[in-house]
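Chain order of the listed sequences is F and G. Just so you know, the first sequence maps onto residues 1 to 114 in the numbering used here. Just so you know, the second sequence maps onto residues 1 to 115 in the numbering used here.
Hints are computed from structural coordinates only; laboratory data are not their basis. Since the model is a prediction, treat every value here as computed from it, not as a measurement. One should not assume that every hint holds.
Partner residues aside, some chain F positions facing chain G, computed with beta carbon under 8 Å [as the list claims (entries may be wrong)]:
1) Ala1
2) Leu46
3) Thr55
4) Leu56
5) Ser84
6) Phe90
7) Phe104
8) Thr106
Partial chain F-side listing against chain G, Cβ under 8 Å, derived [as the list claims (entries may be wrong)]:
9) Tyr32
10) Leu44
11) Thr99
12) Lys101
13) Gly105
C-beta: ideal position from N, C-alpha, C; glycine also.
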Amino acid sequence: AQSVTQLGSHVSVSEGALVLLRCNYSSSVPPYLFWYVQYPNQGLQLLLKYTTGATLVKGINGFEAEFKKSETSFHLTKPSAHMSDAAEYFCAVSDLGNTDKLIFGTGTRLQVFP
Amino acid sequence: GAGVSQSPRYKVAKRGQDVALRCDPISGHVSLFWYQQALGQGPEFLTYFQNEAQLDKSGLPSDRFFAERPEGSVSTLKIQRTQQEDSAVYLCASSADRTGADEQYFGPGTRLTVT
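Here chain G stands alone, though its shape is the one from the complex (with noise of 0.2 Å):
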């Protein structure tokens, strides 16, 4: 079975443009993550979905960054006007359930650099 898929892998955009990045998580899994791994850090939460419910979005930096999972599969996470700071990995991740003890299956990232 396939695992979580990211794209683009890498997207170059200017600053002051618009950016979506693409997630499919393993299918039927309930729990939808996005982190953001600066460069030499540890991933940090942006927001999390259960099934196509948007739960906690605390982790998003500003009112640019919108996320959207509405089939409760595929999920989005879109950049307004981007900035040089937003440029990280974007790290999805998936869990069968909603219990604190389930992995998290972690998609390849999508690098984004702002220029």
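If we strip away everything but chain F, and leave its shape as in the complex, we get (with noise of 0.2 Å):
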């Protein structure tokens, strides 16, 4: 069965500093990987997704990830922050195979000071 595990509840970084969102995944099969932004009182949006070629892959709003199957990890980065990039962030594994619903992390916080 697939997982994610998403390490650090809250992130602070100051306004133009590195953005670091870790994220490790279990998957028996080749993972579908996703990160998700929520906005206080919002859906969830579409940052990027990785399902195969390529394993850095680049979203919206500057961010990008990289899928590392070594390491089974998936971490979210943007090298520079902006205060609009404080939100709640989830990465995600599509069950494959049995609906393909999706399996959320516990969320990350990001808080961005100026």
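Hey, can you piece these two chains together into the complex? The hints should help.
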């Protein structure tokens, strides 16, 4: 069965600093991996996804993530944080072959200080 | 084009009441998912429809939870005899096709508070 672990429920960075949000997965098959962002009182918005092909995936708002099979990781990064990046971030894996539902991590709240 | 919409956005129910939560997916989307998000947690799968067929209801926490999508578009999640532990945000998502690679588009959610 697939699962996702997000290390660090809260991450704080200064505006302009590097953002690194960690995600490790467990999957018995090659995974499809996703990062979603959730702003207060809103639904989830897809930042980026990895299915096959290039392991470095670029998403919206300057975010990117790298699929590392050897480390079973899919960490999310952004070179320079902006105040508007403050939100909750969820890593998810698709439960392939079983309705393809998403299995989410517990989330990481990103705070950005001026 | 409109995204996924959900109504009501907020619902307060007294314990023991029945509630119905509505989801309007993106037009033409085949797949529809319901998730439950407890405070401070990630969303957890409840049930899945492919058109009008409910193919997976393994995540429904009890037989008090019931979902339907009779015409393959709008879906309703019904909770009977609500309990305090049912308090959560209920998210609906739709996707164009049944592939694990396809993006799921989420609605804003319905925040249910059971008092």
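Verification of the supplied hints:
no.	hint	in the structure
1	Ala1	12 Å, violated
2	Leu46	5 Å, holds
3	Thr55	15 Å, violated
4	Leu56	17 Å, violated
5	Ser84	19 Å, violated
6	Phe90	5 Å, holds
7	Phe104	3 Å, holds
8	Thr106	5 Å, holds
9	Tyr32	5 Å, holds
10	Leu44	4 Å, holds
11	Thr99	4 Å, holds
12	Lys101	4 Å, holds
13	Gly105	5 Å, holds
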